[in-house]
Every structure is written in C-alpha cells, then in structure tokens.
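Position chain B against the provided structure of chain A, taking the given hints into account.
Protein chains: 2
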Amino acid sequence: MTDRVLGPWCPGGLALSVGGSQVLGLSCVIITGVWMEHYRGGFAWDGSSLEFNMHPLCMVLGLVFLYGDAILASRVFRNEGKSTIKVLHTTLHLGALVISVVGLVAVFSFHAGAKMADMYSLHSWCGILTLLLYCVQWLMGLGFHLFPGASARLRSRYLPLHDFFGLAVLGLAVASCLLGISEKLLFDIAPTYPNFAPEGILANALGLLLVGFGVLVGYTVTQEDFRRPLNPEEEALSVHFKTLTGEESVTAPDRPFQNPLFLAAH
Amino acid sequence: MTDRVLGPWCPGGLALSVGGSQVLGLSCVIITGVWMEHYRGGFAWDGSSLEFNMHPLCMVLGLVFLYGDAILASRVFRNEGKSTIKVLHTTLHLGALVISVVGLVAVFSFHAGAKMADMYSLHSWCGILTLLLYCVQWLMGLGFHLFPGASARLRSRYLPLHDFFGLAVLGLAVASCLLGISEKLLFDIAPTYPNFAPEGILANALGLLLVGFGVLVGYTVTQEDFRRPLNPEEEALSVHFKTLTGEESVTAPDRPFQNPLFLAAH
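Residue numbers (UniProt numbering), protein chains in the order written: chain A, 1 to 266; chain B, 1 to 266.
The following block holds chain A by itself, in its conformation from the complex (with noise of 0.2 Å):
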C-alpha cells in the first residue's frame, strides 16, 4: 500500500467538482431559456403564457443555481477572508431570493390572468415549501449570525443543522424542478412527448442535468477533503478562543463543522 494510493482520490478534486457544478448549473440555466424561447415563444411580463415562461426560467436560475452557488461559497475561495466568504454567501443567497420571488409572482399573475387554479399540484405544494423552508433557514441563518445572545459556541452548535437544512432544500428545489418540467410536458406537448419529441428530450436532459448539479453541489461541501482551511489568522484566534474558554477545544475531534471560526465564514 503506497501514499499514493492513500491520498486524496483525485488531487484537482474540489477545481473538478466546482468546474463541473458550474458547467452543470450554467447548462440548466441556459437550457431552460432554449427551452422556453424556441419551444415555448419565449418572455413577457403581460399576465400572457410568455409571462409563464418566466417562472421556470427564474427558479432554475434563482433556487437552484444562485443558492447552489452561495453554499459553494466557502469552499470555492479558500484563500479569502472570512468576511469576504460571508459577504459573497449572503449576496449569493439574496440574488436567489429575489429572483424565486419574481419566478413565484410570475406564475401567480398567469394563473390569474389566465383564471387557472393555484396551489392543487404537487409541484405547487413542493415548490412553495422550499420557498417557505428556504425564507425559514435565511432568518435562523441571520438571527443566529445577528442575534447578540448567540455566542460562538450557541452558534456552533445550530452550524451542522445549517449545513443540513441548505442542502436538504437545495434538494427539494431540485424536486420541485423536476416535477414542474413534468408537469409542464405534460400539458404541452402529451400527444408527442410518449414518441421521444425533441422538446420533450431537451426538457428531460434538463431534469437529469439539475439532479447533476445539486448532487455535485452536495458531494463538494461534504466531502472533508474539500474543507477550507484555516489560515494563519484563524489559527491565532482559534487559540486564542481554546485559551479564553480554557478548553481543549470548542471543537471536538468528532464534530469537524462545529468550529466556531468555520461558523463566522458562513
């Protein structure tokens, strides 16, 4: 058994795994403007189908690939300060925010304009509990970071449910995508899509390409080969912390996450 055989499985592993994570998202993003502009007569804001066409369109770009993007962050930029890391996070979370929050009222103003029912679907019902989950885990993440009685060590403690929850809700963005690109064949194209139509094809390579993504996203933040190390600062502070609780550690061997100084980088 030589070291080489016992070092990392592939030593440009985390450059692959985020090169791969943003061809994979870039595609979703790109594939479902193709989509929508080729197949299905492109954009609008006008209570029209074309105003539709915004919705897939947003939540790929904003709850998907921007919120996939935003929990790569402290992995990507290993060299940065943890400030930098916290801003980047949370400009990345508020860009997908924002842009779900147009995709949402998108598809509302259609199905007004259009008189059509609202919330009956199972995509409705998933999409709109990880709108919900995911505005829940932005304040727990803001009111443990804010909240002047959290201290480090609280904090450490709610980290590894934080790094649970984003990427549980990652994945049931991913779902609630899946299941509106379904739905969507379904209604569009029912006759044609059974003998494999060229929408249908592109929509479903779609469907796999996102799946892609967030199982990618989810293999680079938790492999612990990937895990941004200290740097020399925060190894100051980390001793530092170690001499003012007069513990070994705040951190125990077995709970890697729960450093209170990994928490100030999210």
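Because the hints were derived from the structure by calculation, they are not lab data.
Take the hints with a grain of salt, since some may be wrong.
Some chain A residues flagged as far from chain B (calculated, every beta-carbon gap over 10 Å) [as the list claims (entries may be wrong)]:
(1) Val18
(2) Val29
(3) Gly47
(4) Leu50
(5) Gly95
(6) His123
(7) Phe144
(8) Gln223
Just the calculated beta-carbon pair ranges, DEER-fashion [unchecked claim]:
(9) A:Gly113 to B:Cys135: 24 to 32 Å
(10) B:Gly41 to A:Phe187: 23 to 31 Å
(11) A:Leu16 to B:Leu132: 21 to 29 Å
(12) B:His38 to A:Ala112: 32 to 40 Å
(13) A:Gly143 to B:Gly47: 50 to 58 Å
(14) B:Leu132 to A:Met116: 34 to 42 Å
(15) B:Ser48 to A:Leu202: 45 to 53 Å
(16) B:Gly19 to A:Phe196: 40 to 48 Å
(17) A:Pro198 to B:Asn79: 53 to 61 Å
(18) A:Cys135 to B:Ala205: 16 to 24 Å
(19) B:Gly143 to A:Leu133: 21 to 29 Å
Output of the computed footprint for chain A on chain B, the stretches with three or more beta carbons under 8 Å from beta carbons of chain A [unchecked claim]:
(20) 53-60
(21) 132-144
(22) 158-169
(23) 175-183
(24) 190-197
(25) 200-208
Glycine residues also receive a C-beta, built at the ideal position from the N, C-alpha and C atoms.
For chain B alone, coordinates are given in the frame of chain A:
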C-alpha cells in the same frame, strides 16, 4: 452559557428522529396501498392496470422505505456487534433491491400489455437512473468489502463516498416517486385535480411524507450526535490497529467517518 444549552439539542433526539422516520415511512407505504386499492381498483398480476398498481407500492416499499431503513440500521442498533449490523444492512438492501425489481417488472409488463411506450418520461429516466445507481452502489459496497486487495485503509477511504452516494440515491428515489405521483394524477384525474379532488390531496400528501422520510433519514445519519459509539471490543481492536500501522490514528480528526471499524459496521 450553561451546559444545558450546550448539550444535545434534544436528549432523546436519535429515538425521536428514528421513530419519526418509521412513522413517516410506514405511512407512505400504507397511503400508497390505500391509494391504489381504494381509488385505482386494487392489485393483480395479469398485465392490466391492476398490475401497474404494484409498481408504486413496490417502489415506495422497496426503493424508499426499506432502502432508507438499511441506511438507518447502523444508527439504530447502537449496542449490537458490527457483524449483526452488517447482516441487517445487507438484508434490508437485498429486500429493497428484490422488491424494486418486482416493481420495475410490473410497469414494463403493464406497458407491454397495453402497448404503451416505455422510457420517454422524466419519471422513467430518473427512476431507471436511480435503480442503475443503486445497483452500482451495491456492487461497489460488496466489492470493497469482499475484494481481498481492499485493505481496511483503502476501504476507509471509500466509506465517505459510499455514505454520500447512498443518501444521494435515496434522494433521487424520492424525487422519482414524486414524479411518478404527479404523472399518475395528471394521467388519471386531470379534470378534477385542480378542484382539489380527494385522490389528488391524498397523493400530494404522500409526496410530502416521502420528502419528510428522506430528510429525516438523511438528518439521522449525518448528525454527529447520533453516531454509533465504538463498543469496548472495537475500541481494543482500534488500539491494536494503531499499533500495527504505527500511526496515531487511521482516522484523521477531521474524518470521523473514515474509521475502518465504522466501515466494517457497514
């Protein structure tokens, strides 16, 4: 800051989490059975739509409930030996695989009888991908466990991948079920679905319960608080292993899952 605040979020958290997952998982199986029996005419194995009804039941029972329980096995039975857990994990996965294959045969057999197209929908693409990846996960797990050249250290490098992709495939299985539910409702009750027909509400609720089951299984196996502690015999083996390898520990402090004994328990 008191210790109480810094203790586990909930002392009986593991029991609640596992108990909750079982309530959700069993509810999913029962509701699927009730949906097919009460609204779709029951079950048969004669190439008719009653044979199709076996498909959702088998997939929810095998590819979601039993699969999820196989993943949970290592956290629930904290006081059992590793070989007992290993047998349970493998047996549950074997049951999941066999039942899923029966469910797959049911839908292909129904399609053949009704001369319907196969494999054109996003549900079918995601479903078949789930089953393929599940088989790959099975073969990789068996291979790394049985292959004589796969040393404990090499296996310990594989375990985080096995853990991650196990959960990812479970997530994909749940997403495939959601797509199947949505598709079935749009095929069968399109005119009454927008009026909140009871069948639609029941099936939508099933979708949300499936999501809840998947999230709870994921939560249970990723929270460090719930990790199975080593028993005294395993502790002794661990020390022996360290002596043999001449290393401080095979498990780096930031790689809690990469422990050969934890791997052996899988």
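Hint check results:
No beta-carbon of chain B comes within 10 Å of the beta-carbon of A:Val18; the shortest separation is about 16 Å. The beta carbon of A:Val29 sits about 18 Å from the closest Cβ of chain B, which is more than 10 Å, so the claim that it is off the interface holds. The Cβ of A:Gly47 lies farther than 10 Å from every Cβ of chain B, with a closest approach of about 19 Å, so its non-interface assignment holds. Under the 10 Å C-beta cut-off, the non-interface status given to A:Leu50 relative to chain B holds; the minimum distance is some 22 Å.
Every CB of chain B lies more than 10 Å from the CB of A:Gly95, the least distance being 25 Å, so the non-interface label holds. Not every C-beta of chain B lies more than 10 Å from that of A:His123, the closest at about 6 Å, which undercuts listing it as non-interface. Listed as a non-interface residue, A:Phe144 keeps its Cβ farther than 10 Å from every Cβ of chain B; the least gap is roughly 13 Å. With a least beta-carbon separation of about 6 Å from chain B, A:Gln223 fails to lie farther than 10 Å from that chain, contradicting its non-interface assignment.
Between A:Gly113 and B:Cys135 the Cβ separation comes to about 47 Å, which falls outside the hinted range of 24 to 32 Å. Evaluation of the 23 to 31 Å hint for B:Gly41 and A:Phe187 yields a pass: the beta carbon distance comes to about 26 Å. A C-beta distance of roughly 23 Å is found between A:Leu16 and B:Leu132, which places it inside the suggested range of 21 to 29 Å. Taking the beta carbon of each, B:His38 and A:Ala112 are about 35 Å apart, inside 32 to 40 Å as hinted.
A hinted range of 50 to 58 Å holds for the C-beta pair A:Gly143 and B:Gly47, which are about 57 Å apart. B:Leu132 and A:Met116 have their C-beta atoms about 37 Å apart, which keeps the hinted 34 to 42 Å range intact. For the pair B:Ser48 and A:Leu202, the beta carbons lie near 34 Å from each other, so the given range of 45 to 53 Å is not met. Separated by about 45 Å at the C-beta atoms, B:Gly19 and A:Phe196 satisfy the suggested range of 40 to 48 Å.
Range check, A:Pro198 to B:Asn79: about 57 Å between beta-carbon atoms, so the 53 to 61 Å window is met. Checking the proposed 16 to 24 Å range against A:Cys135 and B:Ala205 shows it holds: the Cβ atoms sit about 22 Å from each other. Distance hint check: the CB atoms of B:Gly143 and A:Leu133 are about 38 Å apart, inconsistent with the given range 21 to 29 Å. Chain A is given as covering the segment 53-60 of chain B, and this is violated because 0 residues of the stretch bring a CB closer than 8 Å to a CB of that chain, at least three being needed.
Judged by the Cβ-Cβ criterion of 8 Å, the segment 132-144 of chain B is not covered by chain A as claimed, because only 0 of its residues qualify and three are needed. Coverage of the segment 158-169 of chain B by chain A holds [criterion: at least 3 residues with CB-CB distance below 8 Å; count 4]. With 6 residues bearing a CB less than 8 Å from a CB of chain A, the segment 175-183 of chain B meets the requirement of three and the coverage assertion stands. Note: the segment 190-197 of chain B has 4 residues with beta-carbon separation from chain A under 8 Å; the three-residue rule is met and the coverage holds.
For the segment 200-208 of chain B, the stated coverage by chain A is satisfied: 5 residues place a CB nearer than 8 Å to a CB of that chain, which reaches the threshold of 3.
Comparing the model with each earlier hint shows violations of hints 6, 8, 9, 15, 19, 20 and 21; every other hint is respected.
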